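> Spelled out, the chains give:
There are 2 protein chains.
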Amino acid sequence: MAVYSDYSPAELAALLRPWDVGDLERAQPIAAGVSNSNWHVHTRRGAARTRHVLTVFERRIDPAELPFFLGLVDHLGRGGLPVPAPVPTVSGELWTWHRGKAAALLHFLPGEVIDRPDAAQARSAGRALARIHLRAASFAKGRRQTLGRAAWRRMLDAVGPDRLATLAPDLPALLAEELAFLDRNWPDRLPSGIAHCDLFPDNVLLDGARVTGLLDFYFAATDFYAYDLAIAVLAWCFDERDGAFARPRLEAMIAGYEEHRPLLAAERRAMPVLLRGGCLRFIASRAADWFDADAPSAGGRKDPLAFVRRLHVCRSLDASFFSDPPQGAIAGA
Amino acid sequence: MAVYSDYSPAELAALLRPWDVGDLERAQPIAAGVSNSNWHVHTRRGAARTRHVLTVFERRIDPAELPFFLGLVDHLGRGGLPVPAPVPTVSGELWTWHRGKAAALLHFLPGEVIDRPDAAQARSAGRALARIHLRAASFAKGRRQTLGRAAWRRMLDAVGPDRLATLAPDLPALLAEELAFLDRNWPDRLPSGIAHCDLFPDNVLLDGARVTGLLDFYFAATDFYAYDLAIAVLAWCFDERDGAFARPRLEAMIAGYEEHRPLLAAERRAMPVLLRGGCLRFIASRAADWFDADAPSAGGRKDPLAFVRRLHVCRSLDASFFSDPPQGAIAGA
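If you read the protein sequences in the order shown, they are chains A and B.
Just remember that this note's numbering sits 778 ahead of the position in the first sequence, which is counted from 1.
Just remember that this note's numbering sits 778 ahead of the position in the second sequence, which is counted from 1.
Hints listed in this document are in silico derivations from the structure and should not be mistaken for laboratory results.
One thing to keep in mind: the hints can contain errors.
[Claimed, not checked] In silico EDC-like pairs for lysine to aspartate or glutamate, Cα to Cα no more than 16 Å straight-line:
| id | chain 1 | residue 1 | chain 2 | residue 2 |
| --- | --- | --- | --- | --- |
| 1 | B | Lys1080 | B | Asp980 |
| 2 | B | Lys879 | B | Glu789 |
| 3 | A | Lys1080 | A | Asp893 |
| 4 | A | Lys919 | A | Asp852 |
| 5 | A | Lys1080 | A | Asp1067 |
| 6 | A | Lys919 | B | Glu1037 |
| 7 | A | Lys919 | B | Asp1096 |
| 8 | B | Lys919 | A | Glu1037 |
| 9 | B | Lys919 | A | Glu1036 |
| 10 | B | Lys1080 | B | Asp1067 |
| 11 | A | Lys919 | A | Glu843 |
| 12 | B | Lys879 | B | Glu836 |
Computed from a prediction, not measured in an experiment: that's the story for all the values here.
Isolated chain A (complex conformation) (with noise of 0.2 Å):
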């Protein structure tokens, strides 16, 4: 359960207040999103009823952060692209302050969360990933990557190899061997900008294969942009009963992202390893919250082994897997 505050009807309706909605109906708590507390809320004005999502941003979310992420999702809407959009209040703000809180209403976004996606899903996925990068070119802010490499090997070795080798014997061994990896292979001069840097399937919104929503920017951070495709596949990519890539998903997810914005050849060599220092940034954060007594319990968790065994078969990669993509495959279609 994601709502960490618990409001009675009337202060959310006080809550509400300095926007233009109308008066509260009915308001529906969220249980999704690890970071802040979300509400369906319905409001109605005359004969004229509303829609949106409440936002209070609870920890892991530093306000000072907030004229980054919710301009660049303004940035984002007014580009065209589907985002939950800050509604301003009367007084032009994009979030107003309660009880010590910062709370934002949101545009309501139709469409839904789809477990297992197949190629059209993910070709779309991989469409919005470029038009994101493309249009958050001409945003102001940047903001700086706070989970980049250094930030892996500090969280992991918080956790210490006692702990982590109670998920895994060999995983202490695997994860040294694979930051020295890392900081040999990682990529410089890549095209590089603002990054989504967490598109899994849970943060896009779908009405069959059209995406109808882009959700969650609070990891967004200057970053490559072939890092951020990376992640993506890891999130979309995989087969769900052998582990190995879904082929089809891949190459249309990158055939989707290259319909907006090409892969350079540099970008395509580097996708072995981004996709390897992609597994060890889902990984470090996992084993972290895990070992975390205040992390969200249960729900909220979540496994880090699943991105262990994405390690492992980006690791076999061929070299050649990306760069030399078969006519048709990755590149075309």
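Once you've looked at the hints, dock chain B against the given chain A.
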């Protein structure tokens, strides 16, 4: 004089045959550009007259890089930018071969080169540079920066301190100190992608304050966008009389750039270092040309000391010069 290939009218007519532009009426050599030979070519078919620029690629441009250079200009042209886009041959190629040299037929652009641009023109140039960055982000090819920091050092080492000292006695020490400074302070993780890297006034055609042509993408490479802007600032924004920053032009150029792509705080902070890097880049290549017996003589060689003077100005910049713009000054208006 920049025409290295001396062709008879009959040979030029033969050279033009792959393009469907009618019969050659007149060809006028263009005395600009140090990397290739150029002609204004006037053709006629029936009553229709057309005018193009014919380019024959000489030394300095590797034909293997033509798919990048000409493809980039083609891509920018399709995006609505005023560039000398290549006219495809009847068989659809962006260039052809003639006597072992590549040749392209480029759209003629009106406008003129302005020696001493004013603030309105600097603003237009800044605006155009941002549009190049945003549009080029969806181009499928990239190009490694071959004139980056390692190349500056290599070129200066090849000239050697003795010859550098003939330009100015304290130059070898200054440049050694500067290279060490740049190695320590060069930023990473700034937004990057294809940068023009040579947007001097002689590469911009103007009609009043309107940009009618963006020329010479032969130094374009993947690099920081803010470094590209720093190069343009070095080229456009110094006072011809006292050698100091021409503040009205500087503020106008940055404001123009930010109309399309606002700078991040990190890019503003890095600007003094990027400017010093830009000075080194042109000091190094100009010094290398200066002492190169094979380089074009007289008009073709450019004074390295012009950028040593700029370097001294950039070294004396207050750290807050770009990062805390006065309201309505650099950032605004």
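> Now tell me, hint by hint, if it's right for this structure.
Now the hints, each set against the structure:
Simply put, Lys1080 (chain B) and Asp980 (chain B) have alpha-carbon atoms about 13 Å apart, close enough for the 16 Å limit, and the pair holds. Distance check on the hinted pair: Lys879 (chain B) and Glu789 (chain B) sit about 13 Å apart at the alpha-carbon level, within 16 Å; holds. Distance restraint check for Lys1080 (chain A) and Asp893 (chain A): the Cα-Cα separation of roughly 15 Å lies within the 16 Å cut-off, and the hinted pair is therefore satisfied. A hinted pair counts as satisfied when its Cα atoms are at most 16 Å apart, and Lys919 (chain A) with Asp852 (chain A) qualifies at roughly 12 Å.
This hinted pair checks out: Lys1080 (chain A) and Asp1067 (chain A) have alpha carbons roughly 8 Å apart, not beyond 16 Å. About 14 Å separates the Cα atoms of Lys919 (chain A) and Glu1037 (chain B), which keeps this hinted pair within 16 Å; it holds. A distance of roughly 23 Å separates the Cα atoms of Lys919 (chain A) and Asp1096 (chain B); the hinted pair therefore is violated under the 16 Å criterion. Note on Lys919 (chain B) and Glu1037 (chain A): the hinted pairing holds, with a Cα-Cα distance of about 14 Å set against a maximum of 16 Å.
Distance restraint check for Lys919 (chain B) and Glu1036 (chain A): the Cα-Cα separation of roughly 12 Å lies within the 16 Å cut-off, and the hinted pair is therefore satisfied. Annotation: proposed proximity of Lys1080 (chain B) to Asp1067 (chain B) holds, straight-line Cα distance about 8 Å (limit 16 Å). Only pairs whose Cα atoms come within 16 Å are accepted, and Lys919 (chain A) paired with Glu843 (chain A) is accepted, the gap being roughly 10 Å. Proximity of Lys879 (chain B) to Glu836 (chain B) is assessed by CA-CA distance (about 7 Å); at most 16 Å being required, the pair is judged to hold.
Checked against the numbered hints above, the structure breaks only hint 7 and satisfies the rest.
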